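Engineer: One-letter residues, chain by chain:
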Amino acid sequence: MKRIFDTGNAAITEGAIRAGCNLFAGYPITPATEIAENMSRRLPQVGGYYLQAEDENAALHICNGGSIGGLKAMTATSGPGFILFADAFGWAVSSEVPVVIVNSQRVGPVSGITGAPGQGEFYLSRYLTHGGNYETIVLAPASVQEAYRLTVRAFALAERFRTPVIVLADQMVTDGWETLELPETDDEFAALGLEVVPRRINPGPEFYPASDEIDVPPVVLGHNTGAACSDWTPTDRGHDTEDITWQHKHAWRLIHKIVNNRQLIDEADEWFLDDDPEIILVGYGTPSRVIRSAVGEARKSGLKVGGIRLISLWPFQSHLFTRTACYLVVELNWDGQLVREVERAAADGSNVHFWGRCGELPSMAELLDTVRQLLDNEPLQRDGWRTEKW
Amino acid sequence: MVARIEILISGFGGQGVVRIGQILGQAAVNQGLYTTMLISHGTETRGGYVRSQVVISDAFIDSPVVENPAYFCAFSPIAYGMFKHLCNRQTVILHNPNLVTADPASDACHRAIAGETLAERELGNAQYANVIYLGVLSAHCGLLVPEHIVTAIRQRLPERSHENNIRAFELGREYTL
Amino acid sequence: MSDLLETYVRPEKNPGTACKGCGLRLAHRNVLEAIDELKLSTGDVVWGTGIGCSGRQTFATWRGDTFAGTHGRVYAMATGLRLALPPEKRLILTVGDGDAFTIGFLHLLNAARRNVDMTVVVFDNLGYQSTGGQYGVTTPLGSRTDSSPYGAWEPNWTQGGFDVLRILKEAGATFLARHTVLQGHEPVESLKKAIGNRGFSLVQLIYPCVTHFGVQALETRNIATVYDWFRERTSDDLAADSNTHFTTGIVHDAAGSRPEFSVAVRDFVASVQKGGSRGGTN
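Residue numbers (numbering that gives the first Met the number 0), protein chains in the order written: chain A, 0 to 389; chain B, 0 to 176; chain C, 0 to 281.
I should point out that these hints are in silico values taken from the structure, not numbers from a laboratory. A hint or two may mislead.
Chain A is faced by these chain C residues, among others (derived, beta-carbon under 10 Å) [as the list claims (entries may be wrong)]:
#1 K38
#2 T41
#3 A67
#4 P154
#5 K168
Per the computed footprint, the stretches of chain C lying under chain A, defined by three or more beta-carbons under 8 Å from a beta-carbon of chain A, are [claimed, not checked]:
#6 42-52
#7 77-84
#8 140-151
#9 255-269
Bear in mind that the values here come from a model prediction, so they are computed numbers and not experimental data. All residues carry an ideal CB built from backbone N, CA and C; glycine is no exception.
All chains should be modelled from the sequences, with the hints used to inform the complete structure.
Structural biologist: Encoded structure:
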């Protein structure tokens, strides 16, 4: 392994290159600009193409176009660009196109604050396009090292599931500098549990099987297979149809290829859950690292505290919340997003609390204060959006 | 060896806040340690507020948040005002007395160093002040081997400035607190 | 025509579902004729479409590989696809006037700027007809449509001294032509040049919509009357008055004058891989 000191942006770039990415189209935006810059330097070195798109909408469409030509494509952005993906994201979902999308979350809504972290796109990443009838794969790195690993994984999952995969990072992960270990040999790469899934070409004529199977080769144009792909509801051949039965088959596939094979996607860290935790802290991304420190510190003082860190966000891992407990969900937003999903998933009799803030990570001391208040049944000093007043 | 050490650097854009963090982090990696550095910046242009939170440890670092800084390089009154509350008796605050006046209510250990003046006098450019502070920090802290820091300076700074920056680093190390 | 359809069109898509009297069939046939006269086979062409009448009627008609983009974005998709295709593969997009000149114009301009090798054929039915007939940027001024019940008055891009093709010329397109589908073989000749150009080509093909434009703007359902109106309005002289005529011909032919984008990108990548770099600001 090569041990270096670099940013999440660099880690994402190296992960993408290692995964065989050969097309990046993007539009500069803080704090994801460095991914574009790094790709503009690295891609030509490995024979890949870097394009600066006219906007994010074009960026993801260029990626989609490259992908249906057989390239492995990626784009990267932050909130204001992420929202512009709606159109192209839907196309990729429906046409089952492998593509990787990185979003470094900052403070919103709209331009908000550029250089500070947020976690405001938990739900948007799930429903990045309109119309429903689909599931989404979203992975959330919490460190520079994990940004590398999950970028490689995103490419593999995108190929296997024939779908866009979102890497939902935050400003602290992408801008942050950290020790990064890069595999130098194939063995080291495999030892990290990583694989590169090469692009295969669907020979047709059944381009859109009405099944939940994965590892179906994607539609690739230019090989005279009679491939057809579009924004319309497809028949199995890819022809446009207004037949509601085909629509049902298509939707069933888009949903069930993911949920029925979710064991390949699901990933989480669990801390002290088997040791009767009275309180379970929950989070993803950079805040989850503070959670882990807080849980460790709490255990040192004899407090029965556990933690859950979601590494894959969608499909949501409801099965992690089947224990009746007091959950404290920590997020970098004021409105509470992940907490709503935890409330929905938590076993009957659970109490679900929210610790939210934007732009600044929680400190371990702040989380431990809240944990003590909950353990002592004290009213929370602040309970997210519920009691906060200016 | 070293469980966890936290260093906070904050000031205006253009003062080398991120550079110091990068050199410290790179030196830590050169020395086989783990390190994290969070960067916060309010605006995309020079003159804005910038903060580096550096954590160094011999094991993987969970929380990258600096909440008990061993060192705080306070390069602007705004930065000092914002983060002095994190500092305690164990914290050493390095500051330029011309820019930052020590709060008498703070029980942290304040060390006034006229880095800019020294850099101007010895190297003809106040820009080298940040590396002087780095030298002072390095001499006081003792955690990072100076050779690794010099290597990190060579890795992270443009070649044409290596000589002056290494000189600045030595000036800092020789500085008598 | 029947031979052409057998050779190039998927049987399940023939006949199409266009309205009675729709001129889109003629436009579609013009493209197939050009392909045929260039002796291209189904494997030589990848065919993309946009949204609207043109997309609905031409998507997946091509026996070879085919795709349809989201509304207005097919030019961006084609830019990415072009990088993946072998240079000799022809990329033809049949799109509507709304798709190309309004919702997708930003992407169209940037495809022209890059000179990406694609042939955009704009099937121009003078407005938004698939949604029932609303005015667009090629709808003649004064036309009554469902969204201009008092007559279209917003400035458009074909009259009043404007020509959308001139904007594309300035943007860097290397082949531009305009025809109506009532000009016999003329549009086919331009389409052949467009498809032959290794760069960004666009042919605006104006065709009659009887169902909406005919009924709303020309106040007739009579197919012959609608076609006569289009025929009379068609001028072979590009310098004719565009307020009263569809001025047709090759607007701009600069084939080969600029590097094609995918070729340029490949050259650039090869130069980087050889250790070269491109300095300077020229």
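Engineer: Starting from the hint list further up, note which numbers the structure goes against and sort them upward.
Structural biologist: 1, 4, 5, 8
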